[in-house]
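Trainee: The task is simple: from the sequences and hints, build the whole structure.
Going letter by letter, the sequence shown gives residues 1 to 118 in this note's numbering.
No wet-lab data here; the hints were simulated from the structure. Remember, it's a predicted structure, so these values are computed and weren't measured experimentally. Glycine is no exception: its CB is placed at the ideal position from the N, C-alpha and C atoms. A hint or two may mislead.
Estimated spans, in silico, between C-beta atoms of each pair [unchecked claim]:
#	residue 1	residue 2	range
1	H88	T66	16 to 22 Å
2	G55	R98	30 to 36 Å
3	A81	E106	37 to 43 Å
4	D39	R98	32 to 38 Å
5	I65	N24	21 to 27 Å
6	L25	E76	24 to 30 Å
7	Q34	V77	17 to 23 Å
8	G74	G97	28 to 34 Å
9	L59	Q107	25 to 31 Å
10	L83	L25	16 to 22 Å
11	D29	G74	20 to 26 Å
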Amino acid sequence: MYQLKQDADLSPARVKHKKYMPSNLLILDDFGYQRLDRDQANMFFRLVNYRYQRGSIALTTKKGITSWPEVLAGDEVLAGAILDRLLHSATVLSIQGRSYRLRDLEQSVGGVSSPLRG
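Mentor: See below:
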């Protein structure tokens with residue numbers, strides 16, 4: 001998001017030449033960790049829209065689809081447009097259960113249960 005914000009004032013013609021646009025795979029890890037404001041949500045739409053059917057996006061998130069409008073500045077229409085592009089021809093992997101990092105931490109401290117169990 002930082003790089004997108006830096007490029008927000010560039011014309012679409014110039015943005016498409018940025019290094020994250022032409023790559024075969026763009027990885028977005030922990031999407032939704034922080035709520036996006038209106039400008040950030042619109043920039044994210046521009047990114048997804050440009051890459052739609054041009055390059056792959058691997059996205060990880062702990063947010064369910066129903067939570068996306070909340071993450072995207074409360075905009076249900078924008079969330080729908082982004083999800084439409086992301087999910088078209090997508091492979092969705094849903095992993096249930098506790099965090100591997102927290103589980104490993106608990107094991108490393110002798111089985112003491114973490115207050116962050118999830």
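Trainee: Compare the structure with each hint and give your call.
Mentor: Quick rundown of the hints versus the structure:
no.: 1; hint: H88 to T66: 16 to 22 Å; result: 19 Å, holds
no.: 2; hint: G55 to R98: 30 to 36 Å; result: 33 Å, holds
no.: 3; hint: A81 to E106: 37 to 43 Å; result: 41 Å, holds
no.: 4; hint: D39 to R98: 32 to 38 Å; result: 35 Å, holds
no.: 5; hint: I65 to N24: 21 to 27 Å; result: 25 Å, holds
no.: 6; hint: L25 to E76: 24 to 30 Å; result: 29 Å, holds
no.: 7; hint: Q34 to V77: 17 to 23 Å; result: 21 Å, holds
no.: 8; hint: G74 to G97: 28 to 34 Å; result: 30 Å, holds
no.: 9; hint: L59 to Q107: 25 to 31 Å; result: 29 Å, holds
no.: 10; hint: L83 to L25: 16 to 22 Å; result: 19 Å, holds
no.: 11; hint: D29 to G74: 20 to 26 Å; result: 23 Å, holds
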